[in-house]
Amino acid sequence: MNLNFEFFFNNLPELTITGLAFGAIYALIALGYTMVYGVLQLINFAHSEVFMYGTFAMLWTIMALGAADANGVHLVAILIAALFAAMAMSAVIALGLERIAYRPLIKRNAPRLIALISAIGASFVLAELMGLRDKISGWFGLDDDLSDYVQKAKINNSMAGVLEKPRFEIAGVSISSIDVIVIVSAVAMMVLLDQFVRRSRLGKGIRATAQDPETASLMGVNPTRTIQMTFLIGGLMAGVAAFLYMLKLDATNYQVGFLLGVKAFTAAVLGGIGNLRGALLGGLVLGVAENWGQAILGSEWRDVIAFVLLVLILLVRPTGLLGESLGKARA
Amino acid sequence: MLLEVEGLCVNYGHIEAIRDISFSVPEGTVTTLIGANGAGKTTTLKTISGLRKIRAGSIKFEGKDISAVEPYDRVKLGIGQSPEGRRCFIGMTVRENLEMGAFTRKDRKTAAYRDDLDRVLGLFPRLQERIDQIAGTMSGGEQQMLAMGRALMSRPRLLLLDEPSMGLAPKLIQQIFTIITEINSQGTTVLLVEQNAAQALKRSHDAHILETGEIVRSGKGKDLAVDPAVKAAYLGGDV
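So the protein lines, in turn, are chains B and C.
Using my numbering, read the first sequence as starting at 1 and increasing by one per residue.
Using my numbering, read the second sequence as starting at 1 and increasing by one per residue.
Just chain C, same shape as in the assembly (with noise of 0.2 Å):
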């Protein structure tokens, strides 16, 4: 397992934001949480990232409890987050948000920085043509993009993805699953979290669905995505 959630509480302030929940990651593979607003979808993805501690529980990466360790030292570990809202840095171009993606990486200087910069550019090829613009003035989809690239640039294990289709139009939304499953196919396994269920569901291997903090639902993405009780509450007429 690349990565194993066990018993995890978070809580802000007195509020319960996640009640002991425990689900793995197997390396490889496109893991998605679905859940409504407030489910705890996003708050789960940042205690994985550091932002948020833990009340209870444990979280491994590669069989070591990272509990402790400080979210930018998590980054070294292999753990990459485009976070909830894109995030980019508005006032910097599109390559020095790239190069701020490879912030802790020490081979800047050489051709596998290179290449992998090229991949990300093969990959997103609208950031290719925009790589000088200055992010803030790009469109949602084009700070997803960004934003996704970025994470990709620590060269992850571990992909975090938060709501990447959030705001985009269907058409882009299309395209930015295919992307994610082509990331997937290159070898860095997906965590994400999705409102769009019926895309998320189809396009991973393992699911989870979340209700006001608990795991209610687990299952193969393909299954859940034809149950008759999860097409009636998150699939309605999404599809």
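With the rest of the complex left out, here is chain B (with noise of 0.2 Å):
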């Protein structure tokens, strides 16, 4: 095997502030995972389509806004448009999850690994009802109308092109722009939601529940509510993830939620599942981890340096990095 040190050496701080943009998209993604594990103690696999999902509804707003053509304010206003389209989406998605995969089988005290099945189930419905969205269209009627959101975007999935990427120096260090707008947005996203969850009543009752349900509900928490308001906050930062890897990589396919749901599990796991910041940290390490070890070893060993990581993680800390739960979490 070949160890290319003398390339990550030299590279050392783009491929770290590159590996930083990888990492906070996949923790916000993970911020799902964890929080509605945190209340239900359950693994919600479909959170992937939620992300997915909401890739789609930012490629399909710039499509339909003509973003193109358009630049400065326009262009800025379009994109504005296409991150609530995605935040939209993906909150659609996993209120709908929480509705028909997961409150039928809460309500009769199902096993969870009943309701993991209804979530893996549910993640492949998804994915291919985005597969087969032209076919969908043909039913209606409405291949012709929606050729170009339907049939384009299948071809290239991309909006390449549609936005200039400039890159800057700074002593010497070569970066993006776009690295460091999603780098910056996603670590205040998180900084917002972890306020949001210690400080604000209704976030005090999410900890609450996570940590005590029954005794929530004495509080007058409603439990139904609260898992609702978990899945509200998971998707809408899916969305804006979402937002975040279409701004960095331009393409999208109905299959891209697996991979990033995967890994943002992993980072989930990895900074203490349950755990707001453990999620943050958990996809910060990840993604530099990653960026860092595809330096060295070639970039067909990316995930597999992502999953050897989690592995000798949890051998060593099998509660993750912070290990606390959510409910746990002191303010």
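Warning: the hint list may mix true and false statements.
[What the hints assert, rightly or not] Using 30 Å as the maximum straight-line C-alpha spacing, the simulated DSS-like pairs for lysine-lysine come out as follows:
| id | chain 1 | residue 1 | chain 2 | residue 2 |
| --- | --- | --- | --- | --- |
| 1 | C | K202 | C | K60 |
| 2 | B | K107 | C | K76 |
| 3 | C | K53 | B | K107 |
| 4 | C | K60 | C | K76 |
| 5 | C | K171 | C | K222 |
| 6 | C | K60 | B | K107 |
[What the hints assert, rightly or not] Partial list, derived from the structure: chain C residues whose beta carbon lies under 8 Å from chain B:
| id | residue |
| --- | --- |
| 7 | S49 |
| 8 | P71 |
| 9 | K76 |
| 10 | L77 |
| 11 | P83 |
| 12 | R87 |
| 13 | F89 |
| 14 | M92 |
| 15 | E99 |
| 16 | G101 |
| 17 | F103 |
| 18 | T104 |
| 19 | T110 |
| 20 | A112 |
| 21 | Y113 |
| 22 | D115 |
Derived by calculation from the structure, the hints in this document are not laboratory data.
Note that the Cβ used here is the ideal one computed from N, Cα and C, for glycine as well.
Dock chain one against chain two, each of which comes alone in its own frame, and use the hints as you go.
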């Protein structure tokens, strides 16, 4: 095996920043896993599709509003619209999942394993529905009207060239402006959410439910509402992740959720599942480790590195890096 | 009557935990349910707060049947509970636990809320000292005080206390009972469940004795405390 340490050390700052950008996206998706786990002790395996639908909402908005011909303020307005579209789409999918795939099972006290299978099933259905979008629009006779969004989006799945992505230099390090936007906005969202959960009344209700649902209900916390709220927050954050992911990588497809979802889940477990700050830390560590590792070993090793890291850390710290749950997280 | 329980039956699966019990709690009193482990005391309280489903019978609060009201809505009606085993939110600070008690209140920014907080901290000066401490790091007695303070923060008309003396040192038990009397004298009606029958009977207006899911004796607390049969069964070496 050829270990390329020279490349690694020569490009360490750039590799780290790109890694942090990927890690920030993992972290935003990881929040959805970790919040739902905190309250339900359940892995929402369909959360990957919540993210994937967000990427399509972003892509469609960009196409519909003609971002390719826009610039300046107009382009910024389109991007903001695309951000809201992605957040709205992901939130709707997340709430729909809760309503259809989970609530009926939770109401009947079904074993966690059943809910897990339901989640995996929902994940496949959502992904395949997106994959079959040309057939579905055909049923309604909308092929012609929607052909741009269905067919072109199917072939290219891309918004490459819509955005200029200027790079700038600081102390000889070349930095992508998009990476900076991704890292800053992801971290800002996480800090906001962290403060919401720690300080607000509803946030405390979520923590109380995570720790002891029965006693929380004695305080007047409606468990169903609280669960809904965690799905909603997870969906909104996945929408932001989808927006940032598209800014960075330009392309999506109906299967994009799977690997991103598994990586984000890994990040959540790495940081300590149920722990919001753990999700951020886990995401960033994973993103950087992956990017460093692939620089040394070659890009085909990227995913291997991510999962070997997961196994190693769990062997040493089975509860993850920060290891406490949502309920026990201190203010 | 603040609370009227009539013909209440509650099952755990196929096991009858409570069989046809009826009692009432007059406004302004301390009413106690005593009985051995497994007699159905905790189940009765949990059914009043809505955590257990009723199989038959009814629970009326201020004259209205609340059987169909969800537990999280019963708090708003004025039923507060300090559950068995305290169940403080151990990852939260004392202050956050008290805030959770006031979760349903809309006046959290007003003077009325701060007055209530001051009242609770006045009843439990230990909580004032430890206001920013994580609940899980406190002693059992302190957690008991927190669980009671938390329940009071919802401004309940009826306070349900499930075994507040459990696992506490005798001196602390004395202190908890004194505070219960004080809470009652400030106008809160109390329904108390206790294994520490001697203390509980002494301090309650009415008392009911539960055995295997049924009420076997009812009377004034003072009378039951000196009743020979009750003494033999429940007050043993306890006094």
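Quick rundown of the hints versus the structure:
{"no.": "1", "hint": "C:K202 <-> C:K60", "in the structure": "holds (27 Å)"}
{"no.": "2", "hint": "B:K107 <-> C:K76", "in the structure": "holds (23 Å)"}
{"no.": "3", "hint": "C:K53 <-> B:K107", "in the structure": "holds (14 Å)"}
{"no.": "4", "hint": "C:K60 <-> C:K76", "in the structure": "holds (15 Å)"}
{"no.": "5", "hint": "C:K171 <-> C:K222", "in the structure": "holds (22 Å)"}
{"no.": "6", "hint": "C:K60 <-> B:K107", "in the structure": "holds (26 Å)"}
{"no.": "7", "hint": "S49", "in the structure": "holds (6 Å)"}
{"no.": "8", "hint": "P71", "in the structure": "holds (5 Å)"}
{"no.": "9", "hint": "K76", "in the structure": "holds (6 Å)"}
{"no.": "10", "hint": "L77", "in the structure": "violated (10 Å)"}
{"no.": "11", "hint": "P83", "in the structure": "holds (6 Å)"}
{"no.": "12", "hint": "R87", "in the structure": "holds (4 Å)"}
{"no.": "13", "hint": "F89", "in the structure": "holds (5 Å)"}
{"no.": "14", "hint": "M92", "in the structure": "holds (7 Å)"}
{"no.": "15", "hint": "E99", "in the structure": "holds (6 Å)"}
{"no.": "16", "hint": "G101", "in the structure": "holds (6 Å)"}
{"no.": "17", "hint": "F103", "in the structure": "holds (5 Å)"}
{"no.": "18", "hint": "T104", "in the structure": "holds (4 Å)"}
{"no.": "19", "hint": "T110", "in the structure": "violated (14 Å)"}
{"no.": "20", "hint": "A112", "in the structure": "violated (17 Å)"}
{"no.": "21", "hint": "Y113", "in the structure": "violated (12 Å)"}
{"no.": "22", "hint": "D115", "in the structure": "violated (19 Å)"}
Comparing the model with each earlier hint shows violations of hints 10, 19, 20, 21 and 22; every other hint is respected.
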